[in-house]
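Throw the hints in and build the complete structure from the sequences for me.
In case you want the letters, here they are:
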Amino acid sequence: MDLENKSGSNGTNERYKSGVIPYKQMGYWEPDYVPKDTDVIAMFRLTPQPGVDADEAAAAVAGESSTATWTVVWTDRLTACDLYRAKAFRVDPVPNTGAGTNTEAQYFAYIAYDLDLFEEGSIANLTASIIGNVFGFKAVKALRLEDMRIPVAYLKTFQGPATGIVVERERLDKFGRPLLGATTKPKLGLSGRNYGRVVYEALKGGLDFVKDDENINSQPFMNWRDRFLYCMEAVNKASAATGEVKGHYLNVTAGTMEQMYERAEFAKELGSVVVMIDLVVGYTAIQSMAVWARKNSMILHLHRAGNSTYSRQKNHGMNFRVICKWMRMAGVDHIHAGTVVGKLEGDPLMIKGFYDVLRETHNPMNLENGLFFEQDWASLNKVMPVASGGIHAGQMHQLIHYLGEDVILQFGGGTIGHPMGIQAGATANRVALEAMIMARNEGKDYLAEGPKILDDAAKTCKPLRAALDTWKDITFNYESTDTPDFVPTPTTSL
Amino acid sequence: MMTNTDSRLTQGQFSFLPDLTDEQITAQIKWALAHGWAVSVEYTDDPHPRNTYWEMYGMPMFDLKDPAGILMEINECRKTFPRHYIRVMAFNSERGTESPAMSFLVNRPANEPGFALDRQETSGRTQRYSIRSYATDKPENERY
Amino acid sequence: MTDNFNGIELDFDSPVDLQSVYDDSNVQEVLNRLDHELIGLKPVKTRINEVAALLLVDRLRQQMNLSASMPSMHMSFTGNPGTGKTTVAMRMAEILHRLDYVRQGHLVAVTRDDLVGQYIGHTAPKTKEVIKKAMGGVLFIDEAYYLYKPENERDYGAESIEILLQVMENQRNDLVVILAGYKDRMDRFFHSNPGMSSRIAHHIDFPNYSPEELLAISKLMLAESNYRLSSEAEAVFIDYIKIRMQKPHFANARSMRNALDRARLRQANRLFQSRHSKLTGADLITIEAEDLLVSRLFSEDNEDENAESV
Chain G
1 MDLENKSGSN GTNERYKSGV IPYKQMGYWE PDYVPKDTDV IAMFRLTPQP GVDADEAAAA
61 VAGESSTATW TVVWTDRLTA CDLYRAKAFR VDPVPNTGAG TNTEAQYFAY IAYDLDLFEE
121 GSIANLTASI IGNVFGFKAV KALRLEDMRI PVAYLKTFQG PATGIVVERE RLDKFGRPLL
181 GATTKPKLGL SGRNYGRVVY EALKGGLDFV KDDENINSQP FMNWRDRFLY CMEAVNKASA
241 ATGEVKGHYL NVTAGTMEQM YERAEFAKEL GSVVVMIDLV VGYTAIQSMA VWARKNSMIL
301 HLHRAGNSTY SRQKNHGMNF RVICKWMRMA GVDHIHAGTV VGKLEGDPLM IKGFYDVLRE
361 THNPMNLENG LFFEQDWASL NKVMPVASGG IHAGQMHQLI HYLGEDVILQ FGGGTIGHPM
421 GIQAGATANR VALEAMIMAR NEGKDYLAEG PKILDDAAKT CKPLRAALDT WKDITFNYES
481 TDTPDFVPTP TTSL
Chain H
1 MMTNTDSRLT QGQFSFLPDL TDEQITAQIK WALAHGWAVS VEYTDDPHPR NTYWEMYGMP
61 MFDLKDPAGI LMEINECRKT FPRHYIRVMA FNSERGTESP AMSFLVNRPA NEPGFALDRQ
121 ETSGRTQRYS IRSYATDKPE NERY
Chain A
1 MTDNFNGIEL DFDSPVDLQS VYDDSNVQEV LNRLDHELIG LKPVKTRINE VAALLLVDRL
61 RQQMNLSASM PSMHMSFTGN PGTGKTTVAM RMAEILHRLD YVRQGHLVAV TRDDLVGQYI
121 GHTAPKTKEV IKKAMGGVLF IDEAYYLYKP ENERDYGAES IEILLQVMEN QRNDLVVILA
181 GYKDRMDRFF HSNPGMSSRI AHHIDFPNYS PEELLAISKL MLAESNYRLS SEAEAVFIDY
241 IKIRMQKPHF ANARSMRNAL DRARLRQANR LFQSRHSKLT GADLITIEAE DLLVSRLFSE
301 DNEDENAESV
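Residue numbers (the working numbering), protein chains in the order written: chain G, 1 to 494; chain H, 1 to 144; chain A, 1 to 310.
Just so you know, not all the hints are guaranteed correct.
30 angstroms max Cα-Cα, derived DSBU-like pairs, lysine-lysine [claimed, not checked]:
hint, chain 1, residue 1, chain 2, residue 2
1, G, 141, G, 17
2, H, 30, G, 444
3, G, 141, G, 268
4, G, 237, G, 17
5, H, 65, A, 126
6, H, 30, G, 174
7, G, 174, G, 459
8, H, 65, A, 247
9, H, 138, H, 65
10, G, 237, G, 174
11, H, 138, G, 174
12, G, 459, H, 138
13, G, 295, G, 268
14, G, 452, H, 30
15, G, 174, H, 65
16, H, 138, G, 237
17, H, 79, A, 219
18, H, 79, G, 174
19, G, 17, G, 156
20, G, 185, G, 459
21, H, 65, G, 444
22, G, 314, G, 138
23, A, 183, A, 242
24, A, 128, H, 79
25, H, 30, H, 65
26, H, 65, A, 45
27, H, 30, A, 126
28, A, 242, A, 45
29, G, 174, G, 472
30, A, 128, H, 30
31, A, 219, A, 183
32, A, 247, A, 45
33, G, 138, G, 17
Note that these hints are calculated values from the structure, not bench results.
Computed from a predicted model, the values in this text were never measured in an experiment.
This is the structure:
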């Protein structure tokens, strides 16, 4: 019988005898399994407890993230349990770990899940399985979700980005160059009136967007309603002053969904083109806001507040590329995804992988960039990555080289901290950007000639000259913790 | 007169740089043609930021090998509409984009009056904003 | 020693290296190719070599700051159909590209229908679109005399010619125009369009092929598709060529290709009929005399037939 074969050496009756047996023997380890096109596949980096062999640990992860509990239950036999059991089908040792290295042995475990295990269009349901109990499971010392292959059949049950890169550009009437933004600083403490001043100056000076910070919601120093009113005054004034569409990401993050909707509705009423939420509002709230955004022709910006608590360490948690995949499914239009050269964590190859996940219609497998699976995006819109944190005009050539053209470059300090004022800071960034794009299109080796291109552009732009002089030596040269496993780690800054 | 940086409309990819020379325009068109994008020339005397549909100076040009033909159209458009805004656009027909890939100005009027911001105060300190091109106070073709 | 020539600092004695300019351009490769793929056409090849020499020397002079106005390269190719005009035009585009005269080196081949419209306002955009596509390369207008129809005053062809003339004069750097067609009709066309005539710098006449040349061309065509003529067939084919040349609608190499296509058909039929006897590889590649002799050209009652179908 088929069932017997799948249950290993134990006969059917043996398999369901009360008691505790290894997960491998429960049917969660199937090295011959060929995943179906409709399976969800997850790839974990696992560090087994001493004495637990890697196959058993992988089977345990498969079991705990699908149907298993710690002991045999007869009620399994009331179900098509072979189908519902997740199957660990491949375990590879991680390069440069284990005996003879400084790192304890780690393994890449591939686990396939049948499509029937998941509710359509629900990140919450997907994640409750894949990263539910299993991360606290004692048989593994550490566990990290590295990548997932989402089948087209499942992707098609998600709305995807409310607006997407293409329509965002069409609405903003901005093509062929990265967009420019800045986060209002100081993050906390400005009154609504003072806050709007920063927005106005930056937009008039040449930025496309200004942004609320993640922890600006509705605090004693500035009620959300005041912020929205003053910011929209600034946006509209700047738009009239320049003839360009401008925007401010109004952060609608709040304590309840009802409050978030109320704030988003007000932003819409005031004519904003974009609203913003934080990752910490949760997957369901994010999906709700994405639906709201699509319904109201609004761009949805996501700040990845909190992600580093689980994405940064290499042995435990989850890789940010998985967050990128989930957020593309959940339906955000913007997501902060690293700068390579700025102040926040980011290895160039890893970041290339994140950006590809967000922006391509199809990702081929690419181990160097940490993409363990081929992924077809099933015509889900493309997400605009946002690069922010410690970047300035003097790095423009590197930013364009690493991040490409479909990206929002956010120069917060690099705009507001400009010695000649905020408008001048914005102008410096815009001139640097346009000069670099022009040089790139002219076929110049802009990465090598970058500093010269910027110097030349600064000849007719004093603010750029001042920016280059002020920040000329600023780099953040720390080693990344999240690095590729398949190539030597390059340095972060040039 | 506009009061922003350089006192001019900042739509398009290169409006913060000095006006492009014909040589620079040619280089940009080359980039578009190298990608297989169709290029078009459009003009308007109403540069309102929400005025999406500028007039087409002929249809987008497909299958061209060399920028000279497009530059020829640009110069003819400039000759016909010397005081209009003229932009060059490139269209990418690849799946996943199917949208403009470039847009930059190649002509602007000598004087750019800019825009008025009209406000209508409503309840709860809310305002309705409306942006109006000063140029559109006059009828089409009599502006600038 | 350095001297002053027309206000230019020129070292009269310093050696100039024409050979290296020539080598750098890789133009020899194209000329060789032209020589291989086109049998005969001696006068044409000579003219093309002259044009190449002119452009090479021009390039060298530029390197010495001896500026001169860019030589005009618009041409007319006259000759009967099938004498290699289009092929030579394609190679010409490549030569002009390798010598930096045109930027892209592609050839856009058109006829009147591509340039002239059916109603008012239709012609200018049509002609301009073709011109824009050809820019950076060569515009080849076959049977160019159809652009001009003196019997119809309101013919839109004149409008197309006007636009072409403007571009030929003002945008020499962007476009080379080659007009092609029968010699006598082109002569009449130039006679009634002096503006066009004066802008054509090079008139190249393509002679008809001799029977021997046509045989060589045919053998080349056959070899390209892995066929050969038996020696009896070759003797028959030379006769065929001589008769064919006297018939109406003779189109040189093109008529050869058509005749060979029909011979292949007959060969296949012959092999099929004899499929029960033993066939060899040699049978598959060989055209026999009988494959040619069945041509109606060799029977007497063909006077009224359309020659192209014999």
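Now the hints, each set against the structure:
no., hint, in the structure
1, G:141 to G:17, "29 angstroms, holds"
2, H:30 to G:444, "13 angstroms, holds"
3, G:141 to G:268, "48 angstroms, violated"
4, G:237 to G:17, "74 angstroms, violated"
5, H:65 to A:126, "17 angstroms, holds"
6, H:30 to G:174, "20 angstroms, holds"
7, G:174 to G:459, "26 angstroms, holds"
8, H:65 to A:247, "42 angstroms, violated"
9, H:138 to H:65, "41 angstroms, violated"
10, G:237 to G:174, "19 angstroms, holds"
11, H:138 to G:174, "27 angstroms, holds"
12, G:459 to H:138, "38 angstroms, violated"
13, G:295 to G:268, "11 angstroms, holds"
14, G:452 to H:30, "23 angstroms, holds"
15, G:174 to H:65, "26 angstroms, holds"
16, H:138 to G:237, "23 angstroms, holds"
17, H:79 to A:219, "57 angstroms, violated"
18, H:79 to G:174, "27 angstroms, holds"
19, G:17 to G:156, "40 angstroms, violated"
20, G:185 to G:459, "29 angstroms, holds"
21, H:65 to G:444, "20 angstroms, holds"
22, G:314 to G:138, "19 angstroms, holds"
23, A:183 to A:242, "22 angstroms, holds"
24, A:128 to H:79, "17 angstroms, holds"
25, H:30 to H:65, "9 angstroms, holds"
26, H:65 to A:45, "28 angstroms, holds"
27, H:30 to A:126, "23 angstroms, holds"
28, A:242 to A:45, "25 angstroms, holds"
29, G:174 to G:472, "29 angstroms, holds"
30, A:128 to H:30, "19 angstroms, holds"
31, A:219 to A:183, "28 angstroms, holds"
32, A:247 to A:45, "28 angstroms, holds"
33, G:138 to G:17, "24 angstroms, holds"
In this structure, the earlier hints numbered 3, 4, 8, 9, 12, 17, 19 are contradicted, and the remaining ones agree with it.
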